[in-house]
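Could you put the whole structure together from the sequences, leaning on the hints where they help?
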Amino acid sequence: MIVMHPAPRLDASVLSDGRTIAAIATATGRGALALVRLSGPDISVIAPRLLRRPPLRPRQASRAQVIDPEDGHVLDEVVATFYRAPHSFTGEDLLEISTHGGLHAPTAVLAAAIRAGARQAEAGEFTRRAVLNGKLDLLQAEAVGDLIDARSHAAHQQALRQLDGGLSSRVSALRARVLQLEALLAYDIDFPEEDDGPVPRARIVHTTESTVRDVGSLLATATRGTLIHDGALVVLAGAPNAGKSSLFNALLGEARAIVTEIPGTTRDAIEAVLDRPQWPLRLVDTAGLRDTADPLERLGIETSTRYAARAAIVLACAEHPGEVSAVAQAIATQTAAPVLPVITKSDLASSEPYVGPAIRVSARTGHGLSELLEAIDRQLMTEHGVRHDDAPGLTRARHQVAVAGAVDELERFSRALSEETIPMSIAAIHVRRAADLLGELIGVLHTEDVLDVVFRQFCVGK
0 MIVMHPAPRL DASVLSDGRT IAAIATATGR GALALVRLSG PDISVIAPRL LRRPPLRPRQ
60 ASRAQVIDPE DGHVLDEVVA TFYRAPHSFT GEDLLEISTH GGLHAPTAVL AAAIRAGARQ
120 AEAGEFTRRA VLNGKLDLLQ AEAVGDLIDA RSHAAHQQAL RQLDGGLSSR VSALRARVLQ
180 LEALLAYDID FPEEDDGPVP RARIVHTTES TVRDVGSLLA TATRGTLIHD GALVVLAGAP
240 NAGKSSLFNA LLGEARAIVT EIPGTTRDAI EAVLDRPQWP LRLVDTAGLR DTADPLERLG
300 IETSTRYAAR AAIVLACAEH PGEVSAVAQA IATQTAAPVL PVITKSDLAS SEPYVGPAIR
360 VSARTGHGLS ELLEAIDRQL MTEHGVRHDD APGLTRARHQ VAVAGAVDEL ERFSRALSEE
420 TIPMSIAAIH VRRAADLLGE LIGVLHTEDV LDVVFRQFCV GK
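Just so you know, we're using numbering that gives the first Met the number 0 here: the sequence shown kicks off at 0 and counts up by one.
A few of these clues could be false.
So the derived label-pair ranges between C-beta atoms look like this [what the hints assert, rightly or not]:
#1 H99 / V385: 27 to 37 Å
#2 L251 / T106: 41 to 51 Å
#3 D148 / V44: 31 to 41 Å
#4 V400 / D376: 29 to 39 Å
#5 D148 / L32: 15 to 25 Å
#6 R200 / D376: 18 to 28 Å
#7 Q64 / D407: 54 to 64 Å
Hints listed in this document are in silico derivations from the structure and should not be mistaken for laboratory results.
Think of the CB as a built atom: it goes at the ideal place given N, C-alpha and C, for glycine as much as any other residue.
Written as structure tokens, this is what we have:
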């Protein structure tokens, strides 16, 4: 069961125009049903204009007809459900209309809703209003987007845990620790002569050190969280016509990359996610590495080099055993990631001797593919350990920036405390800034810029 932990409520009129919004909440295309959603203060006025037999009882689905508010002709037979504020996803009055699927029916219903008085919702505006009305915090709102975008089982489970409030609770607890440290400093600065005397310096030092350590532990989860969210970047690199695209397709089990005998066919990187039991893999087929005068191919090679530099693992692909060592050595100069040598055409090169750790595979016969995937899994477990589904962690660049900033501010305070170079009242500013950064992370402190960053990539209707 998903538990929505209430977030601090903000006056939504500060960051919203207060109008009733409407959008199609399902993907465009042929299908049995579609969903049109409306949210806002004018639902009770818009619903009778839009629906013949509008739902009267909250949370009870009922059959209705959508009518054109201008001439009253029927647009669709639907099922409508009304949710009364604050007991809805957005915290406002909410109307959900299940229409027939396809392109025309939901579009006609949305157009009628707008003629009845609603306006077209912006991307992520329903979830944004849920945040502004205290139904979700900002981390939970991001989890909604991650749940929709999840391309692997691990990413899906991580998003569910974040939506359940696990990461929010951890960040909130750390922020409370920082605020407790600030309170100690405030007491020591403002009331040094109270009956209890000044706060012992050892207590401030201990609280500071433990807080820095625990916030740092949260920051250390960023690598794993990003690995799950995006998938471990596994780059297939090597010379043109080395079998990279064939191997890429074989690992995925489908033809995603163009495979020809013409060197230099792959001019740009092609990505796909392979869902594995431990770590999801983000496979990238890159342009062949070679000297070329073709400016378009050079751009592809530059892209390949950038991918290799960011990779979690690079597969150094070569057709023949005699080439694979040189390819692996060349790629090792372009990346700090582990490089796994792969002989891609074992069905053709099986008779050639090779001494070394290279993995022999054949895209044509499937030989060695499972061994290659197991080798990748082992390497990732060596680097990142076993994935733990119950441990909440950071998943986005925004999270990492905020927590890294909080760690930096706390470390600055710790240095000022030990060196005694500036007054405590000034050094305490670093503690306040750390608390603010953690507050921005969960949305306790709302800013228009932060909200724009979070919801810019949401789909319309969510």
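Query raised in the report: So the hint says 18 to 28 Å: do the beta-carbon atoms of R200 and D376 match that?
Result: Cβ of R200 to Cβ of D376: about 50 Å, so the range 18 to 28 Å is violated.
Query raised in the report: Between D148 and V44, is the Cβ distance one that fits in 31 to 41 Å?
Result: 35 Å, holds
Query - Pairwise beta carbon distance, H99 to V385, judged against the given window 27 to 37 Å - result: 47 Å, violated
Query raised in the report: How does the Cβ-Cβ distance of L251 and T106 compare with 41 to 51 Å: does it lie in that range?
Result: Given about 35 Å between the Cβ atoms, the range is violated.
Query raised in the report: V400 and D376, beta-carbon distance inside 29 to 39 Å?
Result: 30 Å, holds
Requested in this report: Return holds or violated for the Cβ distance of Q64 and D407 against the range 54 to 64 Å.
Outcome: 60 Å, holds
Requested in this report: Starting from the range 15 to 25 Å, see whether the pair D148 and L32 falls in it by beta-carbon distance.
Outcome: 22 Å, holds
In this structure, the hints that do not hold are numbers 1, 2 and 6, in rising order.
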